[in-house]
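Those protein sequences? They're chains G and L, same order as listed. If you read the first sequence in the UniProt record's numbering, its first letter stands for residue 1, the second for the next number, and so on. If you read the second sequence in the UniProt record's numbering, its first letter stands for residue 1, the second for the next number, and so on.
No lab work stands behind these hints: they were computed from the structure. Misleading hints may appear alongside valid ones.
Any copy, or any two copies together, can satisfy a pair, since identical chains are not distinguished.
Claimed, not checked - With a cut-off of at most 27 angstroms between alpha-carbon atoms, the simulated DSS-like pairs for lysine-lysine come out as follows:
(1) K51 / K24
(2) K180 / K168
(3) K258 / K150
(4) K141 / K24
Protein chains: 2
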Amino acid sequence: MFYIIGLGLCDEKDITVRGLEAVKAAERVYLEAYTSILMVQKERLEAFYGKQLILADRDMVETQSDEILSRADEVDVALLVVGDPLGATTHTDIILRARALGIPTRVIHNASIMNAVGAAGLQLYQFGQTVSLVFFTETWKPDSFYDRIKENAQLGLHTLVLLDIKVKEQSDENLARGRKIYEPPRYMSIPVAVKQLLEIESIRQEGILSAETTLAVALSRVGGGDEQRIVAGTLADLAVQPEDVFGQPLHSLVIVGKRLHHLEVEYAETFAVDRERWRSVASGVYGCALD
Amino acid sequence: MFYIIGLGLCDEKDITVRGLEAVKAAERVYLEAYTSILMVQKERLEAFYGKQLILADRDMVETQSDEILSRADEVDVALLVVGDPLGATTHTDIILRARALGIPTRVIHNASIMNAVGAAGLQLYQFGQTVSLVFFTETWKPDSFYDRIKENAQLGLHTLVLLDIKVKEQSDENLARGRKIYEPPRYMSIPVAVKQLLEIESIRQEGILSAETTLAVALSRVGGGDEQRIVAGTLADLAVQPEDVFGQPLHSLVIVGKRLHHLEVEYAETFAVDRERWRSVASGVYGCALD
Numbered sequence: 001m002f003y004i005i006g007l008g009l010c011d012e013k014d015i016t017v018r019g020l021e022a023v024k025a026a027e028r029v030y031l032e033a034y035t036s037i038l039m040v041q042k043e044r045l046e047a048f049y050g051k052q053l054i055l056a057d058r059d060m061v062e063t064q065s066d067e068i069l070s071r072a073d074e075v076d077v078a079l080l081v082v083g084d085p086l087g088a089t090t091h092t093d094i095i096l097r098a099r100a101l102g103i104p105t106r107v108i109h110n111a112s113i114m115n116a117v118g119a120a121g122l123q124l125y126q127f128g129q130t131v132s133l134v135f136f137t138e139t140w141k142p143d144s145f146y147d148r149i150k151e152n153a154q155l156g157l158h159t160l161v162l163l164d165i166k167v168k169e170q171s172d173e174n175l176a177r178g179r180k181i182y183e184p185p186r187y188m189s190i191p192v193a194v195k196q197l198l199e200i201e202s203i204r205q206e207g208i209l210s211a212e213t214t215l216a217v218a219l220s221r222v223g224g225g226d227e228q229r230i231v232a233g234t235l236a237d238l239a240v241q242p243e244d245v246f247g248q249p250l251h252s253l254v255i256v257g258k259r260l261h262h263l264e265v266e267y268a269e270t271f272a273v274d275r276e277r278w279r280s281v282a283s284g285v286y287g288c289a290l291d
Numbered sequence: 001m002f003y004i005i006g007l008g009l010c011d012e013k014d015i016t017v018r019g020l021e022a023v024k025a026a027e028r029v030y031l032e033a034y035t036s037i038l039m040v041q042k043e044r045l046e047a048f049y050g051k052q053l054i055l056a057d058r059d060m061v062e063t064q065s066d067e068i069l070s071r072a073d074e075v076d077v078a079l080l081v082v083g084d085p086l087g088a089t090t091h092t093d094i095i096l097r098a099r100a101l102g103i104p105t106r107v108i109h110n111a112s113i114m115n116a117v118g119a120a121g122l123q124l125y126q127f128g129q130t131v132s133l134v135f136f137t138e139t140w141k142p143d144s145f146y147d148r149i150k151e152n153a154q155l156g157l158h159t160l161v162l163l164d165i166k167v168k169e170q171s172d173e174n175l176a177r178g179r180k181i182y183e184p185p186r187y188m189s190i191p192v193a194v195k196q197l198l199e200i201e202s203i204r205q206e207g208i209l210s211a212e213t214t215l216a217v218a219l220s221r222v223g224g225g226d227e228q229r230i231v232a233g234t235l236a237d238l239a240v241q242p243e244d245v246f247g248q249p250l251h252s253l254v255i256v257g258k259r260l261h262h263l264e265v266e267y268a269e270t271f272a273v274d275r276e277r278w279r280s281v282a283s284g285v286y287g288c289a290l291d
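Just chain G, with the same shape it has in the complex (with noise of 0.2 angstroms):
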């Protein structure tokens, strides 16, 4: 049997029991070390099941699927991934390949921020489609989501933004010389993805996002008890915020759609920086009826 198991949130304790037990009966056990960022470290993981952790990098599950997947009609095998198994299709392929192999597959499925978000208050069935942002550089600045961000405003949805990461990124001069050098990772901070959000508005200018009028939610390590952090506030608030207000990555942003219901602002209130301000624009640019 193929598992693919989600790691859920945060650390080695958000493993479902279901889980658990099937990376202890595993004969393999790799660990996915790229679509997201682990927040604890191999060592810990291993510590905790009793077991050595093989490291699988994007090349590895991408290309070298069969070396995962070999015997795995015969002993059991396990892939530990962030989150849920399921939230994109980058595991889609990997299965895919187990049933053509004639391997039996099982997910293990868990919390991602994909629902997990409903820690900020808003309602899940109020969310459109997600979105992801990348990092701009001088040259290049993919504004695509600014329109997946306008169809969910239109209908006055909700939208989750998810930030960018680097990880393995190689200098110019290391990629030059061939160099497996790689720079230490990235991760987008809440300031600098509303600096993009807000420059691509000023480029397009369709009034889909506002400095001082659309509110957002920003949230870090949701789940991760101490560590958890959800900031409300407009854009404008939130740009102006030192960063570690934000606490640490990774980092993910809700875009308010006017859909919203006094119980969500309501309950994001105590996560707002300014709560006076929160409450006026939820009422007065919003349109929600408070007390």
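Please arrange chain L on chain G, whose structure you already have, making use of the hints.
Frame of chain G, contents of chain L only:
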């Protein structure tokens, strides 16, 4: 501390290790028996936790939250809910109440159908807003879901449709006589859901849903191992399957949107009632380039 702990998708082993530790350490543990339906008996959970559970029905969570929260500032109290605790605003009230009482709260997240729907092989990024479909009666056929599906469809997005459950219903006679006798729970089946969807289409005639050319995926007991069922086809295909094809409740249905990717088609093809028709509608109607 007041914990709200997600039980995940299926049975007692879907709780996270963190959640299990919190249950074991809590002085009182409530089990919510309404927002969704447990697939395991309370007794099985109790045996697994080594702990008595207090059943909390809708009335109790909504109107007697102070009883649940009693002394939660001094001892640990846990409320167990199926799926993830913050999928709907159902639990916002009790958390707001806890905050008002100065009781620290902690949410322990888990998988819910809102993210596990990825099991169908459809990308979560490509889902629009989620809708609920309630049982029609002769005189009451609420159709606002149709507008939501339409909004999603016009953007080419998938729609997750959550099917109705009726629990603690009273017959007219028992209601009239004030007898607290409840009918057995009812779960909407996939064929009934499809019938209702097409009934509204035939009234509204906006060409959003079509028996022959709208693709859909039915899901039940996602993550439930051998009990999991995923069935794909046109709405007409799904309408005529015997109910046992769809497995045990709860059921959900995905209306497939036009932004369909060929990898999604390929993955879900395994679940198709009729693979050839699945592919021909995906390519001919949805315009998906397949091999």
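Okay, the hints, checked on the actual structure:
In this homomeric assembly, K51 and K24 come within 27 angstroms of each other (Cα to Cα) both inside a single copy, at 7 angstroms, and across copies, at 25 angstroms. Proximity of K180 and K168 under a CA criterion of 27 angstroms is satisfied intra-copy only: 9 angstroms inside one chain copy versus 63 angstroms between copies. Taking the shortest alpha-carbon separations for K258 and K150, both the intra-copy value of 12 angstroms and the inter-copy value of 18 angstroms come in at or below 27 angstroms. Taking the shortest Cα distances, K141 and K24 never come within 27 angstroms of each other, neither inside one copy (45 angstroms) nor across copies (50 angstroms).
Checked against the numbered hints given earlier, the structure breaks only hint 4 and satisfies all the rest.
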